[in-house]
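*Asks:* Listed below are the residues making up each chain.
2 protein chains.
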Amino acid sequence: MDRNLVYVFDVAGADAARLDDEPTVRRCLDAVVARAGLTPVGADAAHRFTPQGLSVAVILAESHVAVHTWPERGTAYVTLTTCRRPAGADFTTATSAALADVLGAARVDVRALD
Amino acid sequence: MDRNLVYVFDVAGADAARLDDEPTVRRCLDAVVARAGLTPVGADAAHRFTPQGLSVAVILAESHVAVHTWPERGTAYVTLTTCRRPAGADFTTATSAALADVLGAARVDVRALD
Numbered sequence: 002m003d004r005n006l007v008y009v010f011d012v013a014g015a016d017a018a019r020l021d022d023e024p025t026v027r028r029c030l031d032a033v034v035a036r037a038g039l040t041p042v043g044a045d046a047a048h049r050f051t052p053q054g055l056s057v058a059v060i061l062a063e064s065h066v067a068v069h070t071w072p073e074r075g076t077a078y079v080t081l082t083t084c085r086r087p088a089g090a091d092f093t094t095a096t097s098a099a100l101a102d103v104l105g106a107a108r109v110d111v112r113a114l115d
Numbered sequence: 002m003d004r005n006l007v008y009v010f011d012v013a014g015a016d017a018a019r020l021d022d023e024p025t026v027r028r029c030l031d032a033v034v035a036r037a038g039l040t041p042v043g044a045d046a047a048h049r050f051t052p053q054g055l056s057v058a059v060i061l062a063e064s065h066v067a068v069h070t071w072p073e074r075g076t077a078y079v080t081l082t083t084c085r086r087p088a089g090a091d092f093t094t095a096t097s098a099a100l101a102d103v104l105g106a107a108r109v110d111v112r113a114l115d
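Just so you know, the protein sequences line up as chains A and B, in that order. With the numbering used here, you'll find the first sequence wraps up at 115, consecutive numbering, no jumps. With the numbering used here, you'll find the second sequence wraps up at 115, consecutive numbering, no jumps.
Okay, chain A solo, but in the shape it has when bound:
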């Protein structure tokens, strides 16, 4: 069968206020989708945790992307599941840099499953 790919971006040392702001958190997903050259289909789910923290998942033509944040720890992770390999050769590096910029993060580690 076709093999899907999973990328996990582990974000640490990020700004707590940004991690709890839904428009900012959604920009993380936009950053991943744009750099991977993928296509949202217009269906998404979002949840705000009490007292803080957000989860957002967005369905793509090629599978889905999601983000989960822990403002109290300054951490988040973003996952991309895709049945099509991201377009750019520098996808993981460029995406990590974009996520660090959006969230004011000290560190972004990447893991991949393929």
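In case anyone wonders, no lab produced these hints; they're calculated from the structure. Please note that a few of the clues may not be correct.
Stated by the list, open to error - Restraint ranges, calculated between C-beta atoms of paired labels, are given here:
id, chain 1, residue 1, chain 2, residue 2, range
1, B, 31, A, 4, 19 to 27 Å
2, B, 18, A, 43, 19 to 27 Å
3, B, 86, A, 107, 25 to 33 Å
4, A, 74, B, 107, 23 to 31 Å
5, A, 38, B, 50, 38 to 46 Å
6, A, 43, B, 24, 15 to 23 Å
Stated by the list, open to error - Take a look, some chain A residues computed to stay more than 12 Å from chain B by CB distance:
id, residue
7, 17
8, 19
9, 21
10, 22
11, 24
12, 38
13, 41
14, 43
15, 45
16, 46
17, 47
18, 88
19, 90
20, 91
21, 92
22, 110
Where is the CB? At the ideal position from N, CA and C, for every residue including glycine.
Start from chain A and add chain B according to the hints.
*Replies:* For chain B alone, kept in the frame of chain A given last:
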């Protein structure tokens, strides 16, 4: 930082009609969540592709679970992303059997990222 876990269940040789039926496909997610001992928070996203195929993502207290189906190929994959290790020691085996049963599948392979 805390390490999240990702499980991917690759389903093959499944029944095309079941793969294109949203209630059946949602039962796949219920099967994963129940066996992992996790908690949906009531937010989900679903998309029906043309001419066939479904994607559903459900936000959990512990992150998210999603399924993507290709009825024309008899394939699907289910992903679980979680910040808490699934409860049962036989989680992957029991979940694979449950998915095969729900989808009438010949084969379910498991991959994990931790």
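*Asks:* A separate judgement is required for each hint: does it hold in the structure or not?
*Replies:* How the hints compare with the structure:
1. Distance hint check for residue 31 of chain B and residue 4 of chain A: the Cβ-Cβ separation is about 25 Å, which falls inside the suggested range of 19 to 27 Å.
2. Taken as a hint, the range 19 to 27 Å holds for the pair residue 18 of chain B and residue 43 of chain A, whose Cβ atoms sit roughly 26 Å apart.
3. The given range of 25 to 33 Å is respected by residue 86 of chain B and residue 107 of chain A, whose C-beta atoms sit roughly 26 Å from each other.
4. Restraint check, residue 74 of chain A to residue 107 of chain B: a C-beta distance of roughly 43 Å breaks the suggested window 23 to 31 Å.
5. In this structure the hint that residue 38 of chain A and residue 50 of chain B lie 38 to 46 Å apart at CB is violated, the actual value being about 19 Å.
6. Range check, residue 43 of chain A to residue 24 of chain B: Cβ separation about 22 Å, and the 15 to 23 Å hint holds.
7. Chain B leaves residue 17 of chain A outside its interface by the beta-carbon criterion, the shortest separation being 14 Å against a cut-off of 12 Å.
8. No Cβ of chain B comes within 12 Å of the Cβ of residue 19 of chain A; the nearest lies about 16 Å off, and the non-interface call holds.
9. Even its closest Cβ contact with chain B, about 16 Å, leaves residue 21 of chain A beyond 12 Å, as expected for a residue assigned away from the interface.
10. The claim that residue 22 of chain A lies off the interface holds: its Cβ sits roughly 18 Å from the closest Cβ of chain B, which is beyond the 12 Å cut-off.
11. Every CB of chain B lies more than 12 Å from the CB of residue 24 of chain A, the least distance being 17 Å, so the non-interface label holds.
12. With 12 Å as the threshold on Cβ separation, the claim that residue 38 of chain A sits away from chain B holds: the shortest Cβ distance comes to roughly 18 Å.
13. Interface exclusion of residue 41 of chain A from chain B breaks down, the closest Cβ pair being 10 Å apart, not more than 12 Å.
14. Listed as outside the interface, residue 43 of chain A is inconsistent with that label: its C-beta sits roughly 8 Å from the nearest C-beta of chain B, within the 12 Å cut-off.
15. Not every beta carbon of chain B lies more than 12 Å from that of residue 45 of chain A, the smallest distance being close to 5 Å; the non-interface claim is violated.
16. Not every CB of chain B lies more than 12 Å from the CB of residue 46 of chain A, the least distance being 4 Å, so the non-interface label is violated.
17. The non-interface label for residue 47 of chain A is inconsistent with chain B: the shortest C-beta to C-beta separation is roughly 6 Å, within 12 Å.
18. With a least beta-carbon separation of about 20 Å from chain B, residue 88 of chain A lies farther than 12 Å from that chain, consistent with its non-interface assignment.
19. Every CB of chain B is more than 12 Å from the CB of residue 90 of chain A (nearest about 22 Å), matching its label as outside the interface.
20. Distance to chain B confirms residue 91 of chain A as a non-interface residue, since its nearest Cβ pair spans about 21 Å, more than 12 Å.
21. No Cβ of chain B approaches the Cβ of residue 92 of chain A within 12 Å, the least distance being about 17 Å, so the stated non-interface status holds.
22. With a least CB separation of 8 Å from chain B, residue 110 of chain A falls inside the 12 Å interface cut-off, contrary to its annotation.
Hints 4, 5, 13, 14, 15, 16, 17 and 22, counting from the list given before, are not met by this structure.
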